[in-house]
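K.L.:
Here is how the chains run, residue by residue.
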Amino acid sequence: MFAAPFVLVFGFFMLVPLVSSFAMSFTDFTSRDVRSPLAVNFVGLQQYLDLFGDARFLKSLGVTATFVVVGIPVTMAVALALAVALNSGIGRFRAAFRVGFYAPVVTSIVAVSVVWRYILQPDGLLNTALGWVGIDGPNWLNDTTWALPSLIMMAVWRNVGTLMVIFLAGLQAVPTEVQEAAVMDGASPWRRFVSVTLPLLRPTLLLGAVLISVGYLQFFEEAFVMTQGGPLDSTLSTAFYTFEQFGFGKYGFASAASYVLFLAIALLSLLQFRLLRSKD
Amino acid sequence: MALATPPVTAVDRLAEPAPGRRRRRFTTGRALTYTVLTVGVAVWLLPFVWMVLGSVKTQREILIKPPTIWPENPTGDNFARWFTDLDFGQFFTNSVVVAVITVLGNLVFCSMVGYALAKMDFPGKRVLFTLVMVMLMVPGVVTFVPLFVQVTSLGLLNTYPALILPFLTQPLGVFLMRQFMLGIPEPLMEAARIDGAGELRIFARVVMPLCGPPLATLGILTFLGSWNNFLWPLVAAQSQDMYTLPVALSLYATGQQGTDYGLLLAGAVLIITPILLLFVALQRYFIQGVATAGLK
Numbered sequence: 001m002f003a004a005p006f007v008l009v010f011g012f013f014m015l016v017p018l019v020s021s022f023a024m025s026f027t028d029f030t031s032r033d034v035r036s037p038l039a040v041n042f043v044g045l046q047q048y049l050d051l052f053g054d055a056r057f058l059k060s061l062g063v064t065a066t067f068v069v070v071g072i073p074v075t076m077a078v079a080l081a082l083a084v085a086l087n088s089g090i091g092r093f094r095a096a097f098r099v100g101f102y103a104p105v106v107t108s109i110v111a112v113s114v115v116w117r118y119i120l121q122p123d124g125l126l127n128t129a130l131g132w133v134g135i136d137g138p139n140w141l142n143d144t145t146w147a148l149p150s151l152i153m154m155a156v157w158r159n160v161g162t163l164m165v166i167f168l169a170g171l172q173a174v175p176t177e178v179q180e181a182a183v184m185d186g187a188s189p190w191r192r193f194v195s196v197t198l199p200l201l202r203p204t205l206l207l208g209a210v211l212i213s214v215g216y217l218q219f220f221e222e223a224f225v226m227t228q229g230g231p232l233d234s235t236l237s238t239a240f241y242t243f244e245q246f247g248f249g250k251y252g253f254a255s256a257a258s259y260v261l262f263l264a265i266a267l268l269s270l271l272q273f274r275l276l277r278s279k280d
Numbered sequence: 001m002a003l004a005t006p007p008v009t010a011v012d013r014l015a016e017p018a019p020g021r022r023r024r025r026f027t028t029g030r031a032l033t034y035t036v037l038t039v040g041v042a043v044w045l046l047p048f049v050w051m052v053l054g055s056v057k058t059q060r061e062i063l064i065k066p067p068t069i070w071p072e073n074p075t076g077d078n079f080a081r082w083f084t085d086l087d088f089g090q091f092f093t094n095s096v097v098v099a100v101i102t103v104l105g106n107l108v109f110c111s112m113v114g115y116a117l118a119k120m121d122f123p124g125k126r127v128l129f130t131l132v133m134v135m136l137m138v139p140g141v142v143t144f145v146p147l148f149v150q151v152t153s154l155g156l157l158n159t160y161p162a163l164i165l166p167f168l169t170q171p172l173g174v175f176l177m178r179q180f181m182l183g184i185p186e187p188l189m190e191a192a193r194i195d196g197a198g199e200l201r202i203f204a205r206v207v208m209p210l211c212g213p214p215l216a217t218l219g220i221l222t223f224l225g226s227w228n229n230f231l232w233p234l235v236a237a238q239s240q241d242m243y244t245l246p247v248a249l250s251l252y253a254t255g256q257q258g259t260d261y262g263l264l265l266a267g268a269v270l271i272i273t274p275i276l277l278l279f280v281a282l283q284r285y286f287i288q289g290v291a292t293a294g295l296k
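Heads up: the sequence lines are chains Z and F, in that order. For the first sequence, this note's numbering assigns the number 1 to the initial residue and increments by one for each residue that follows. For the second sequence, this note's numbering assigns the number 1 to the initial residue and increments by one for each residue that follows.
Everything labelled a hint here was simulated from the structure, so no lab data went into it. Just so you know, even glycine gets a beta-carbon here, dropped at the ideal spot from N, CA and C. Check each hint, because a few of them may be wrong.
The calculated lysine to any residue pairs, modelled on SDA-like cross-linking and capped at a C-alpha distance of 25 Å, are [as the list claims (entries may be wrong)]:
| id | chain 1 | residue 1 | chain 2 | residue 2 |
| --- | --- | --- | --- | --- |
| 1 | Z | Lys59 | Z | Val183 |
| 2 | Z | Lys250 | F | Gln150 |
| 3 | Z | Lys250 | F | Leu157 |
Taking CB as the label site, the calculated pair distances span [to be verified]:
| id | chain 1 | residue 1 | chain 2 | residue 2 | range |
| --- | --- | --- | --- | --- | --- |
| 4 | F | Gly196 | Z | Thr30 | 56 to 66 Å |
| 5 | F | Val134 | Z | Trp190 | 49 to 59 Å |
| 6 | F | Leu32 | Z | Ile135 | 36 to 46 Å |
Here are a few chain F residues that sit away from chain Z, every Cβ distance over 12 Å (derived from the structure) [as the list claims (entries may be wrong)]:
| id | residue |
| --- | --- |
| 7 | Trp44 |
| 8 | Arg60 |
| 9 | Leu86 |
| 10 | Glu199 |
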């Protein structure tokens with residue numbers, strides 16, 4: 001009885017779509033079939049074959065992979081540096097710094113994308129600032145080389161706060177005795193960090209990586225607001241590609257694309273959970 | 001003061017400095033850390049400052065090269081246009097209605113199922129919990145196509161129910177509530193049971209009053225998620241009168257007003273400000289929420 005309302009909503013709006021998305025990916029379902037969903041044809045793996053035959057889809061996989069592979073280490077490194085700095089006895093101002101670095105996390109990606117587009121204009125704030133030190137900045141969002149790094153830069157800015165908080169909690173759980181022992185052995189601060197803190201922090205680091213990578217794999221809003229996937233598809237993420245195909249009314253095809261993405265997310269999560277568990 | 005304290009060992013530096021010792025440890029390393037953090041935080045907050053400054057500039061001034069820092073003639077026009085030319089009131093109402101009902105639904109339904117999973121026995125309990133854990137992983141981008149078909153065939157497209165129902169409960173909320181309720185001692189509920197209270201009464205009078213902390217976390221996370229939600233409202237809201245704030249802003253940003261930065265920045269200020277205020281007021285819960293959500 002207590003579970004009933006939940007089961008209804010959960011079943012109808014989460015489980016059913018998840019299953020029917022899978023089913024749709026094996027049919028030629030289009031926007032015209034909404035009225036009579038049972039009249040669609042089963043096409044087997046054809047949608048998936050078409051998908052992997054589409055150079056743009058392959059491109060979108062590459063873009064998403066780059067976003068994840070570059071974005072995650074950078075986000076983690078910055079977050080870890082901040083967490084270590086905040087943990088090194090900044091007593092009085094720790095809370096204030098934490099709020100400052102965390103603030104972007106709570107903001108709407110759409111809204112901050114608008115702001116970043118403004119900052120990244122050819123004559124915007126960033127290029128003006130670069131001009132002061134003699135650098136002639138590129139036209140960030142309209143340059144096939146720089147558009148994706150620009151989006152990654154913004155993602156790092158927005159997500160560092162989340163990881164910083166998680167890493168800070170992890171650092172505070174590192175037992176002082178272990179550190180003391182390392183100090184007694186004459187280990188330098190850097191050595192202590194690399195040989196004592198980092199290994200102990202491993203589960204926390206992995207956890208952070210999982211959390212962030214699931215989000216990064218789905219990146220969509222940034223591309224939607226800032227570049228529309230351009231220029232020349234250089235920021236075409238898989239989520240954006242899926243949305244685009246949905247917009248064309250090719251629902252079966254879009255479902256297949258979304259399932260490929262889901263598979264990537266599930267595999268990555270599984271892999272990382274396995275890594276986590278093996279060290280417990 | 002320095003005389004009264006014992007000599008400092010390297011180990012002391014690792015520990016959180018005690019209040020009395022704080023001032024003495026102002027070394028170069030410490031100063032460097034402060035400087036780097038201060039510059040870092042300034043850079044981190046700069047986009048917000050630049051957004052606010054830009055939102056009160058005139059369209060002419062926004063396009064000046066090189067950009068001015070302080071607005072020459074601060075103007076509220078960009079904000080005014082959201083109310084006169086565009087229907088800000090409607091977008092705001094939509095966002096608030098959707099967020100509030102979503103939050104309430106989650107608080108009630110997630111606690112109920114959390115209670116059932118933590119404290120009751122029923123057939124299929126294990127299966128249900130496994131499904132919840134699996135769904136934790138499923139991103140919105142996987143389900144939005146069939147969800148759109150379902151909602152369309154129900155005739156709900158472009159209505160509040162379409163925007164609210166799919167988010168009325170969420171796996172993370174169920175997980176949060178269950179974990180917390182597992183920790184509530186049985187004897188407390190036994191006592192109520194002996195007094196003749198039914199399950200509903202125990203749930204409402206004994207268990208819920210203890211659940212303040214996870215409810216606060218869940219409420220905040222849900223509000224945040226709903227306020228910033230984008231992909232589904234973009235698909236489900238088809239006409240202006242159903243747009244939520246992010247949808248409205250994104251469509252102006254990618255439409256004909258795409259370079260009208262004054263308007264867009266004012267819109268961004270209007271979306272971000274309520275959340276930032278809420279965040280500063282309740283930061284403890286926000287940050288706790290992240291830590292808890294991270295522990296799944």
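K.L.:
Please go over all the hints and tell whether each is borne out by the structure.
P.N.:
Status of each hint after checking the structure:
1. Lys59(Z) to Val183(Z): Violated, at about 50 Å.
2. Lys250(Z) to Gln150(F): holds (16 Å)
3. Lys250(Z) to Leu157(F): holds (18 Å)
4. Gly196(F) to Thr30(Z): 56 to 66 Å: At roughly 60 Å between Cβ atoms, Thr30(Z) and Gly196(F) fall inside 56 to 66 Å, so the hint holds.
5. Val134(F) to Trp190(Z): 49 to 59 Å: violated (42 Å)
6. Leu32(F) to Ile135(Z): 36 to 46 Å: Given a distance of about 25 Å, which is not inside 36 to 46 Å, the answer is violated.
7. Trp44: Non-interface label fails for Trp44(F): nearest chain Z Cβ at 5 Å, not farther than 12 Å.
8. Arg60: The claim stands: Arg60(F) keeps its Cβ more than 12 Å from every Cβ of chain Z (closest is about 14 Å).
9. Leu86: holds (15 Å)
10. Glu199: Violated, because the least Cβ-Cβ distance between Glu199(F) and chain Z comes to about 7 Å, which does not exceed 12 Å.
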